[in-house]
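**Student:** Residue numbers (the numbering used here), protein chains in the order written: chain A, 1 to 428; chain B, 1 to 289; chain C, 1 to 321.
It should be emphasised that the hints constitute simulated quantities derived from the structure, not laboratory data. Treat the hints loosely; a few may be bogus.
The calculated lysine to aspartate or glutamate pairs, modelled on DMTMM-like cross-linking and capped at a C-alpha distance of 25 Å, are [what the hints assert, rightly or not]: (1) A:Lys349 <-> B:Glu77; (2) A:Lys273 <-> C:Asp154; (3) A:Lys70 <-> B:Glu77; (4) A:Lys62 <-> B:Glu77; (5) A:Lys78 <-> B:Glu77; (6) A:Lys333 <-> A:Glu69; (7) A:Lys250 <-> C:Asp172; (8) C:Lys86 <-> A:Asp225; (9) A:Lys172 <-> C:Asp172; (10) A:Lys136 <-> A:Asp107.
Computed Cβ-Cβ distance ranges for the label pairs, DEER-style [claimed, not checked]: (11) A:Gln186 <-> B:Asp234: 55 to 61 Å; (12) B:Gly75 <-> A:Ala423: 47 to 53 Å; (13) A:Ser143 <-> C:Ile303: 47 to 53 Å; (14) B:Val84 <-> A:Lys349: 54 to 60 Å; (15) B:Thr66 <-> A:Ala423: 51 to 57 Å; (16) A:Gly291 <-> B:Val84: 26 to 32 Å.
C-beta: ideal position from N, C-alpha, C; glycine also.
As a plain string of letters, each chain reads:
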Amino acid sequence: MKRSSKLGLAVVTAATISLVAAGCAASTTGSGTGTKASPVTVTFWGSYGNGGNSTQQDALNKTLIPAFEKANPGITIKYTDIAYDSLLQKLTTSAAGGQLPDLVRADLGWVPQFAANGVLVPLSGSMSDYKTLAAKDYAGNVSTNLYKGKYYGLPLDTNTRVLITDQAALAKAGVTAPPATFADLQTMATKLKGTGVSLFADSGLGAWNVSPWIWSGGGDLTNPDETKATGFLNSATNVQTIQMLVDWYKAGLIPNLITGNKGATGTSDGLPKTKYATIFDGPWMSGIWTGQYPKFQPTYSPIPAGSGGSISVVGGEDIVLTASSTHQAAAEKFIRFTQTSAFQIAMAKTGQMTVEPSLADQQAQLAPYYKVYSDQLKTAKSRIASPNQSKIDAVLTTTLTPAFLGKTTVQAALDSAASQIDALLAGN
Amino acid sequence: MTALAPRASRRRRSAGWPAATTLRYAALIVGAIVMVTPFLYMLSTSFQSQAYVLTIPPQFIPNPATTGNYTAAIGTENFLLYFVNSLIVAVISTAGSVLLSSMMAYSFARFAFRGKEAIFRLLLAGLTIPAVMLLIPQFILARNLHLLDSLGGLIFFYIAGSLSLNTFLMRGFFASIPGELDQAMQVDGANSWTRYWRLAIPLAKPAIAVATIFTFLNSWDEYPIALTMINNSDNATLPLAIANFQGQHATQWGLVFAASLIAVIPVLIVFLVFQRYFVQGLTSGAVKG
Amino acid sequence: MALTSTAGRATETSSVARPGRVSSPRRRRRFTLTPYLFLLPGVVIFVVAIIWPAVSAFQMSLYHWNVFNAQLSQWSGIDNYLTAFKDPHFWQSLANSAIYMVATVIPQMVIGLFIALLLKKKSPVQPLFRVLFYLPVVTSWVVVSLLFKFLFDDSGLINFTLHDFLHLMNSDVSWLADRWSALVVICLLGIWKGIGWSMMIYLAALQGVPESLEEAAEMDGANRWQRFRAVTIPAINPATVFISVMLVIGGLNVFTSVQLITGGGPVGQTDVVLTYMYTQAFNFSDFGYASTLAVILAVFVFILAMLQLRILRTRDGEELA
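Make a model of the complete structure from these sequences and hints.
**Tutor:** Quick look at the structure:
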């Protein structure tokens with residue numbers, strides 16, 4: 001009696017253990033450069049999946065990777081697509097477990113943080129041709145890979161923000177051409193008052209959002225060495241620029257989307273619906289509108305110029321090689337491949353802008369609006385290259401929002417932001 | 001009240017009032033409308049093309065209606081494979097978890113032993129730890145056990161993650177099974193395993209049905225562990241595929257909702273199959289057992 | 001078979017089942033392995049996959065943890081805990097979690113029980129109603145969160161109904177732009193999604209209510225409400241204990257809905273402990289501090305759960321384990 005009872009339990013226990021054992025996955029091993037004799041598999045993670053639109057992934061998986069593999073027998077590239085919102089979480093966890101892939105398409109804001117923690121290989125040291133490759137790319141993009149004198153990645157694709165306007169809204173303001181200067185915006189502002197159309201809309205107050213205003217207004221975020229924000233971020237020029245936005249916000253000309261209302265109409269819907277007259281946004285918008293608002297004809301033009309000119313912010317992704325990679329040589333071959341015109345143009349066709357200015361004309365043939373973006377990129381600047389970039393964004397948002405809501409002055413907000421950012425920069 | 005089973009109306013004479021019945025149905029219908037309306041909105045959106053999503057006034061009857069979102073979702077590469085993977089993981093996790101936790105629940109409900117209170121508290125503590133915090137240690141553990149990037153690894157963590165809740169749930173039900181039944185069986189010479197398997201399990205069918213429904217649902221929907229542990233798309237589950245429909249710059253809501261509605265079907269089937277045990281419950285379960 | 005006849009059951013259940021009674025005389029005689037064997041497989045998996053990782057997480061909270069290179073982590077003792085106690089944002093996020101818990105637990109239980117009572121009896125349409133009430137439960141948190149965000153959008157269905165259709169409001173409300181109205185949305189979602197869950201457990205529990213007792217009470221002339229209080233409530237007490245403990249735990253651990261609906265915004269106003277923790281962990285890579293927040297929450301929740309078990313146990317004079 002007792003025996004059979006224990007037998008029943010023993011069966012369950014044994015089944016449990018075999019279940020654990022059954023889950024064992026063979027780990028891949030291998031090293032070296034990858035030859036026909038000893039093939040290697042290079043793993044590559046990114047977020048090319050674009051809200052259910054697989055064009056970018058298809059270009060990579062069906063055209064580019066097969067072409068690379070054909071030219072480099074013995075090397076297989078295994079690309080894994082990860083939802084953008086989850087990529088950082090997956091990268092962090094995998095880094096903690098020492099299970100990163102060989103290559104990552106990383107948001108350019110993440111590179112300094114990963115580099116600071118020793119997760120990445122400095123390409124400027126390991127690739128003898130790094131300088132030649134980097135020289136072909138926009139300097140603003142290359143600089144996002146710099147951490148403590150070494151470069152940890154190469155630009156893969158880029159983007160920036162330009163002014164996008166809705167013709168119908170311009171007509172309501174009684175103008176025909178998009179505003180080219182801050183003064184033009186002011187003129188439009190007076191005319192749009194009371195029409196229900198917002199002058200400008202944006203979805204936040206981080207560095208990506210406010211730095212085009214600050215730079216175009218003639219101000220700066222930090223000193224040139226990026227070691228100090230006080231005296232730069234809270235300058236009189238910047239107070240004036242931000243005050244201009246705050247005044248528009250208070251006049252109802254900028255919707256509360258900017259102060260964090262997640263329920264407000266998004267910029268991609270507000271512009272075609274003539275709720276918003278102007279937005280700053282990237283080249284991906286065109287693809288969104290083709291699907292949702294086929295009849296909408298947006299106008300692309302440079303960021304309105306203030307006393308500092310028309311200066312936008314650099315965005316995009318870099319390709320980085322992880323320190324845990326056991327296939328460095330093969331992975332570097334693929335990195336070189338991403339810098340070829342074949343790769344860059346094929347991806348440009350799917351909406352990923354090339355990082356090489358020399359290909360800008362060829363790219364503009366694909367879609368005319370690309371020219372506005374590539375022209376803007378010539379002067380665009382990158383955000384502060386710091387491992388604390390996400391904290392800097394949080395500081396800007398939390399200090400500036402109360403200024404918009406009228407709970408504090410712009411001067412006080414910027415003073416506070418500057419001193420907090422000083423601390424973050426000193427902590428590097 | 002004719003709708004009620006004859007047995008019920010015999011017992012509860014007062015339940016036969018038409019007014020009470022009317023009220024009861026009125027309450028149920030109002031409640032059901034509140035519960036279902038958001039769901040209908042989702043259903044309607046899944047048949048709309050992107051251009052018509054979030055328009056004013058909202059469209060309840062999609063016009064023009066399109067099945068494009070469904071064909072696009074199903075047409076996604078490997079969608080069927082993800083579906084099958086999810087099914088394998090959810091079925092095995094559920095079976096394993098319900099078996100192991102019913103054993104634990106039986107032990108807690110039927111025996112007095114040293115350390116009982118401590119072990120129970122440990123299980124309860126497991127429920128209070130935020131799952132997000134366990135991600136990194138669990139990832140490292142999975143690496144050391146060679147469980148990364150495999151369905152077996154997901155099953156292992158899904159079973160572990162559902163044990164506390166199921167044990168806690170079933171313990172109460174086992175405890176309310178009359179101890180005299182147990183004693184009678186024991187006198188007849190039945191050992192503890194037989195009493196668990198032949199008596200407790202059949203009598204606790206409603207609780208086991210609830211545990212099955214919940215565990216299946218949780219394993220079917222689980223995202224964070226699958227996200228961190230699965231790299232190879234051959235091992236991906238449905239929630240990973242649905243998450244990929246949300247883009248950095250834009251999300252095609254119709255597509256997300258269509259895929260989610262497809263994903264709801266197996267969970268509803270499991271619910272429909274097991275919910276009848278709530279009615280049959282003790283009476284018929286006991287007769288069969 | 002004879003054992004399970006209704007008559008047999010009625011006599012058994014008239015006394016409160018006291019588990020442990022069966023084997024306790026045996027325990028006096030000799031030590032038995034049997035209960036441990038029943039526990040073993042489950043406990044082994046649980047300790048390996050949950051408790052061990054939890055201990056590691058606790059260990060992280062005592063360090064300035066370097067997630068990328070654990071060897072570089074610096075011992076900090078209780079520094080992270082001191083930081084948390086001085087961090088106003090942590091307190092605000094804890095308050096938000098607590099508000100969510102308080103606002104959602106009772107409605108879920110009361111409405112869930114009410115619907116379970118309505119759906120208890122057999123009838124051809126009951127399965128249909130059960131499915132309808134269960135629909136929110138089967139839909140994933142991600143989807144229903146997006147759905148609610150969608151419904152409470154400035155140009156969403158709720159504003160349309162209240163403003164343009166019923167004219168109850170003069171203008172559209174920016175539900176998600178303010179801490180309190182955003183919390184209302186998040187709590188409504190929690191209640192809406194959770195009712196079906198409590199309903200299910202109550203439905204299962206109501207199967208165990210001895211009919212003979214109800215009949216006896218009815219004979220004694222007890223009205224519906226008296227029968228409900230005297231017979232039903234005590235009989236489903238284990239389910240009530242289970243549901244309330246689980247909902248309190250779940251309420252304080254609210255995460256996905258907040259993350260997807262407001263992201264903790266505007267400016268962290270609607271952050272709950274777990275969204276704040278997530279930001280610290282995955283945006284700022286500060287796992288030491290994130291673990292600290294998780295540990296404080298877990299301890300707080302555990303104490304609450306133990307208190308609940310104790311209070312609910314003594315009040316009804318009934319053993320739970």
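**Student:** Just to be sure I understand the hint, the distance between the Cβ atoms of B:Thr66 and A:Ala423 should be within 51 to 57 Å; is that true here?
**Tutor:** 54 Å, holds
**Student:** Does the alpha-carbon distance linking A:Lys172 and C:Asp172 stay inside the 25 Å limit?
**Tutor:** 23 Å, holds
**Student:** Does the structure keep A:Lys70 and B:Glu77 at a Cα separation of 25 Å or less?
**Tutor:** 23 Å, holds
**Student:** Between the alpha carbons of A:Lys62 and B:Glu77, is the straight-line distance 25 Å or under?
**Tutor:** 13 Å, holds
**Student:** When you check the alpha-carbon spacing of A:Lys250 and C:Asp172, does it fall within 25 Å?
**Tutor:** OK: A:Lys250 and C:Asp172 at ~18 Å, within 25 Å.
**Student:** Indicate whether the distance between the beta carbons of A:Gly291 and B:Val84 respects the range 26 to 32 Å.
**Tutor:** Check passed, 30 Å falls within 26 to 32 Å.
**Student:** Is the distance from the Cβ of A:Ser143 to the Cβ of C:Ile303 consistent with 47 to 53 Å?
**Tutor:** 51 Å, holds
**Student:** Return holds or violated for the Cβ distance of B:Gly75 and A:Ala423 against the range 47 to 53 Å.
**Tutor:** 51 Å, holds
**Student:** Decide if the proposed pair is consistent with the structure: A:Lys136 and A:Asp107, CA atoms, cutoff 25 Å inclusive.
**Tutor:** 20 Å, holds
**Student:** What's the verdict on A:Lys273 and C:Asp154, does the C-alpha distance respect the 25 Å limit or exceed it?
**Tutor:** 14 Å, holds
**Student:** Are the Cα atoms of A:Lys78 and B:Glu77 separated by 25 Å or less?
**Tutor:** 16 Å, holds
**Student:** Is C:Lys86 close enough to A:Asp225, meaning Cα to Cα at most 25 Å?
**Tutor:** Given pair C:Lys86, A:Asp225 is violated - Cα atoms ~33 Å apart, limit 25 Å.
This entry does not satisfy hints 8, 14, going by the numbered hints stated previously.
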